[in-house]
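*Asks:* Taken in order, these protein sequences are the chains called A and B.
Throughout the first sequence, residue numbering follows the working numbering, covering 1 to 320 in sequence.
Throughout the second sequence, residue numbering follows the working numbering, covering 1 to 636 in sequence.
Take these hints with a grain of salt, some might be off.
Stated by the list, open to error - In silico DMTMM-like cross-links for lysine to aspartate or glutamate, where the CA-CA straight-line distance does not exceed 25 Å:
1. A:K298 to B:E85
2. A:K128 to B:E476
3. B:K61 to A:D205
4. B:K141 to B:E85
5. B:K151 to B:E116
6. B:K425 to A:D205
7. B:K492 to B:D466
8. A:K265 to A:E319
9. B:K61 to A:D316
10. B:K431 to A:D310
11. A:K42 to B:D466
What the hints contain is simulated information worked out from the structure, not anything from laboratory work.
In case you want the letters, here they are:
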Amino acid sequence: MALKPAEFKTDVHNDWCPGCGDFGIVNALQMALADMGLQRDKTAIFSGIGCSGKTSHYINTYGVHTLHGRVLTFAQGAKIANPEMTVVAVGGDGDGLGIGAGHFVAAGRRNVNMTYLIFDNGVYGLTKGQASPTLKLGEKTKSLPSPNTNSNVNPIGLAIASGFTFVARGYSYDIKHLKALIIQAVKHPGLSFLDVLQPCPTYNDLNTRDWYAGSDLMDEAQKRHSRIYKLEDTGYEPTVHYDSEVETNEKLSQALIKSLEWGNKIPTGVFYKNENTTPYTVRLQDKIPNYLENPPAKQNISNNGFSNTDISKILDSLEV
Amino acid sequence: MSSVDFTWLIGGPQGSGVESGANIFSRVCAEMGYQVFGKREFYSNIKGEHSYFTVRIADKKIHSNVNDVNLMASFDAETIFRHYEEIIPGGGIIYDSDLSKMATDAIHTLDAPFKERLHKELESKNKPFTIAGVLEILKEKGVLLFPVSFKSILHTLSEETENPRLKGLIRMFNVIAVSLSLGLVKMPPDSLQKAIDGIFSKKPEVAKINQQTATYSYNYATAKFENFVYSLPGVQKEPGTLLVQGFQGTALGKMASGCRFQPYYPITPASDESVYLESNEILDIIGDRPGSTAVIQTEDEISAMGMTIGGALTGTRSATCTSGPGFALMTEMLGWAGINEVPIVITAYQRSGPSTGLPTRHGQDDLLFSVHAGHGDFPKIVYASGEIEESFYDTGNCFNYADTFQVPVIHMMDKFHASSVITCKRFDTEKISIDRGKLLEKVEDGYRRFEFTDDGISPRSRLGIDNGIFWDTGDESDETGHITEDPILRVKMMDKRMSRLDLILERIPKEQQAVSFGVEDFTIISWGSTIGPVLDAVDMLKKEGISIGLVQMKLMHPFPGEYVASLLQNAKTIIDVEANQSGQLGKLFKQNVNRDVDYFILKYTGRAMTSTEVYDSLKKIVQNKADKREVLMHGA
Numbered sequence: 001m002a003l004k005p006a007e008f009k010t011d012v013h014n015d016w017c018p019g020c021g022d023f024g025i026v027n028a029l030q031m032a033l034a035d036m037g038l039q040r041d042k043t044a045i046f047s048g049i050g051c052s053g054k055t056s057h058y059i060n061t062y063g064v065h066t067l068h069g070r071v072l073t074f075a076q077g078a079k080i081a082n083p084e085m086t087v088v089a090v091g092g093d094g095d096g097l098g099i100g101a102g103h104f105v106a107a108g109r110r111n112v113n114m115t116y117l118i119f120d121n122g123v124y125g126l127t128k129g130q131a132s133p134t135l136k137l138g139e140k141t142k143s144l145p146s147p148n149t150n151s152n153v154n155p156i157g158l159a160i161a162s163g164f165t166f167v168a169r170g171y172s173y174d175i176k177h178l179k180a181l182i183i184q185a186v187k188h189p190g191l192s193f194l195d196v197l198q199p200c201p202t203y204n205d206l207n208t209r210d211w212y213a214g215s216d217l218m219d220e221a222q223k224r225h226s227r228i229y230k231l232e233d234t235g236y237e238p239t240v241h242y243d244s245e246v247e248t249n250e251k252l253s254q255a256l257i258k259s260l261e262w263g264n265k266i267p268t269g270v271f272y273k274n275e276n277t278t279p280y281t282v283r284l285q286d287k288i289p290n291y292l293e294n295p296p297a298k299q300n301i302s303n304n305g306f307s308n309t310d311i312s313k314i315l316d317s318l319e320v
Numbered sequence: 001m002s003s004v005d006f007t008w009l010i011g012g013p014q015g016s017g018v019e020s021g022a023n024i025f026s027r028v029c030a031e032m033g034y035q036v037f038g039k040r041e042f043y044s045n046i047k048g049e050h051s052y053f054t055v056r057i058a059d060k061k062i063h064s065n066v067n068d069v070n071l072m073a074s075f076d077a078e079t080i081f082r083h084y085e086e087i088i089p090g091g092g093i094i095y096d097s098d099l100s101k102m103a104t105d106a107i108h109t110l111d112a113p114f115k116e117r118l119h120k121e122l123e124s125k126n127k128p129f130t131i132a133g134v135l136e137i138l139k140e141k142g143v144l145l146f147p148v149s150f151k152s153i154l155h156t157l158s159e160e161t162e163n164p165r166l167k168g169l170i171r172m173f174n175v176i177a178v179s180l181s182l183g184l185v186k187m188p189p190d191s192l193q194k195a196i197d198g199i200f201s202k203k204p205e206v207a208k209i210n211q212q213t214a215t216y217s218y219n220y221a222t223a224k225f226e227n228f229v230y231s232l233p234g235v236q237k238e239p240g241t242l243l244v245q246g247f248q249g250t251a252l253g254k255m256a257s258g259c260r261f262q263p264y265y266p267i268t269p270a271s272d273e274s275v276y277l278e279s280n281e282i283l284d285i286i287g288d289r290p291g292s293t294a295v296i297q298t299e300d301e302i303s304a305m306g307m308t309i310g311g312a313l314t315g316t317r318s319a320t321c322t323s324g325p326g327f328a329l330m331t332e333m334l335g336w337a338g339i340n341e342v343p344i345v346i347t348a349y350q351r352s353g354p355s356t357g358l359p360t361r362h363g364q365d366d367l368l369f370s371v372h373a374g375h376g377d378f379p380k381i382v383y384a385s386g387e388i389e390e391s392f393y394d395t396g397n398c399f400n401y402a403d404t405f406q407v408p409v410i411h412m413m414d415k416f417h418a419s420s421v422i423t424c425k426r427f428d429t430e431k432i433s434i435d436r437g438k439l440l441e442k443v444e445d446g447y448r449r450f451e452f453t454d455d456g457i458s459p460r461s462r463l464g465i466d467n468g469i470f471w472d473t474g475d476e477s478d479e480t481g482h483i484t485e486d487p488i489l490r491v492k493m494m495d496k497r498m499s500r501l502d503l504i505l506e507r508i509p510k511e512q513q514a515v516s517f518g519v520e521d522f523t524i525i526s527w528g529s530t531i532g533p534v535l536d537a538v539d540m541l542k543k544e545g546i547s548i549g550l551v552q553m554k555l556m557h558p559f560p561g562e563y564v565a566s567l568l569q570n571a572k573t574i575i576d577v578e579a580n581q582s583g584q585l586g587k588l589f590k591q592n593v594n595r596d597v598d599y600f601i602l603k604y605t606g607r608a609m610t611s612t613e614v615y616d617s618l619k620k621i622v623q624n625k626a627d628k629r630e631v632l633m634h635g636a
């Protein structure tokens, strides 16, 4: 049953800058959680460090504000120990693709059933606007002393190469679309990734709301053309339908090519989706048959304050 | 009744079966009722470098190795060059007679500094730089030589069993060496057969070849060699004796204590514990369906620590296992666990640092690092196990400390523990109590995770229980877990968390904090695996009428300064014994007890102490002939 987004709001004062793209993301997230009717105490938001890291405090579910770059590690640990939880991890692009890039790649290989959402704005906001991993080579946002000397990472491409089984991009000022993407991502049986383009009004004076809206791209009739477009409007089909290598590779290649599109046309929507890859829970079940029914967090470990684990067979084998 | 105290050494290139040879030997001795203390030494290498195993056996409880070797079983030349000096007069050496002409220069794994020392020694004795030269020295010293052509043994055996494959099966050299050894000491042969069957139970074909080789070699030794004075006919076996490897103590302790989640990243000497946990991941639970430990190999130690914390937030008893370099990576998260009051256990199998240091060698290098690990002030517990048997029960205590005080616990172990094979009493699971502290099963409305309480410990919710919603953050927080930068609240929160340190000292039973084995004029302070050699050394001196006291430190942080001061009130001379360069326990002691250490006995060669060398240094101290820093050097 759908709930009201208000139920997922805390009364914590939100201290993001006025006009920040983050507001759209947290609103979309609260709306999505409410729409899905998720039980608040069966849901956990994990966040990294930076402006986006505060997200967990604004949402009225279990909230774990972790460390810079490490959000996926905490989130996966919790989800593996208690697979009943709905887990959404959020963080900035510097957090997830700079300091946390190793965890990003490793998480893709694991395919734990949860969602990772990146607030992608091209800058390190909370430390006053340094270049983040998604800022392009040679670009100079306003607080950089000189143009960026690093090339950018391609978040969608990296997610696909790492093995994420649901890869999508949203835009923080299209809340309705973003909400729908979040719902799909959370419902996806595996690790889902959402790259959310999020203008930073304070430090990124290049990729602004106006820039995304294409205010610099007027046609002869003085009509604006938004840079953002939706893949689903173009007939793009992201889903792998059959567990076939040929189809999977086709869909992966197509998503990779799409991920390179940037400039005057920026695709949003679902790039890739594959439900055939076994989620980590299933891989664990292959080893531990009753893992889902009796996961680590549910196991009773004591009998009146004493150990109830019977290790006598192992001890027998060690006895001389 | 003459007492048995016998040391056997087997060596060979890594990958040649030194370890399995030692396992067979240890198992046979344990089966025959002897107490066993074995230790493996190896290079950071997969194949080819020199590795060796020293197995000491006795008819009474022993806690360490000694310097003297009574019988050396070698099947390569390097072992002879590296260890010949350890064999005592009257002892023996089994060696491959085909190697006599082998010169030091022909062995590319003999490193330059060692070769230089060896050449000097051989030169001073006017011997050639060959095995023959070394054998002459041994002979002059009164060591018995037992030459055996390993190849001709295989040859004969291959003909007798009509198995041509055996002829070139140099993999069998280890079994030959072990069986010759057991024949020499007249160990009843059926125990050897039983041990081989046990070890190769899943491979009957392999077991058969090994049996044939073992029987032949055993008989060969008994028929050919007569004059060896040592005989080990076996003694009454103590019922309920285990033969365990060091890492099994904490692994079995984790299973029994209800640890159900262990993420880890491979590192020597810690990963054996995790691999063993995963090999036994499905657990029998009394009166319930099977339980399990989810053991997750992560992408790095940071991830291992993050996952461990994530698991602990769900109420699962969670742990990781690592060594110094890995623990170094985990320390940012340690502070996170500290500020969020998350109970986790980090089992830290130390090795020689700094940096990669001696990756496969021993050292108690990380005591001060562990005590100070993490930035900022936060409560944690650093707890050290002495002997392997202890580590089983200590693991249970560590989880209880973590849960009741809601702090991270660093359980200090080391490489000496990890690669020792010992006999001990069967672990008693009934002694493992489970105390989850203020962990909640049900939560009422208005819950606040970091609520101020009388004892400074808040009731703990877990992810996923009704009404139990909480927030965690690495920032300073209010009682609900939301960020605060309020100066007054900050002080209250800091004081609340740090008050845990006094509570720990107050509530952990004194006998779990430090163990006194008696206090004398001369009293030792020591910790961790070093306790083993110290106990044996103290015992050796006692037999000579010299009484030396010993206080074993277990709770390293918070350090029970007052209690230790009171224990040591009547000690006039304090001797700190530990395996690191700077005397780290001595520093903690000085800081917390406000008393100087009079003597240090330190070892940082990367090899564990033997009781012999501790004994020698203690004796020098008692006789007032010692340096303030006694640095021990024994061992190849």
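*Asks:* Does each hint fit the structure? Answer for all of them.
*Replies:* A quick look at each hint next to the structure:
{"no.": "1", "hint": "A:K298 to B:E85", "result": "violated (58 Å)"}
{"no.": "2", "hint": "A:K128 to B:E476", "result": "holds (21 Å)"}
{"no.": "3", "hint": "B:K61 to A:D205", "result": "violated (75 Å)"}
{"no.": "4", "hint": "B:K141 to B:E85", "result": "holds (10 Å)"}
{"no.": "5", "hint": "B:K151 to B:E116", "result": "violated (31 Å)"}
{"no.": "6", "hint": "B:K425 to A:D205", "result": "violated (71 Å)"}
{"no.": "7", "hint": "B:K492 to B:D466", "result": "violated (28 Å)"}
{"no.": "8", "hint": "A:K265 to A:E319", "result": "violated (70 Å)"}
{"no.": "9", "hint": "B:K61 to A:D316", "result": "holds (21 Å)"}
{"no.": "10", "hint": "B:K431 to A:D310", "result": "holds (13 Å)"}
{"no.": "11", "hint": "A:K42 to B:D466", "result": "holds (8 Å)"}
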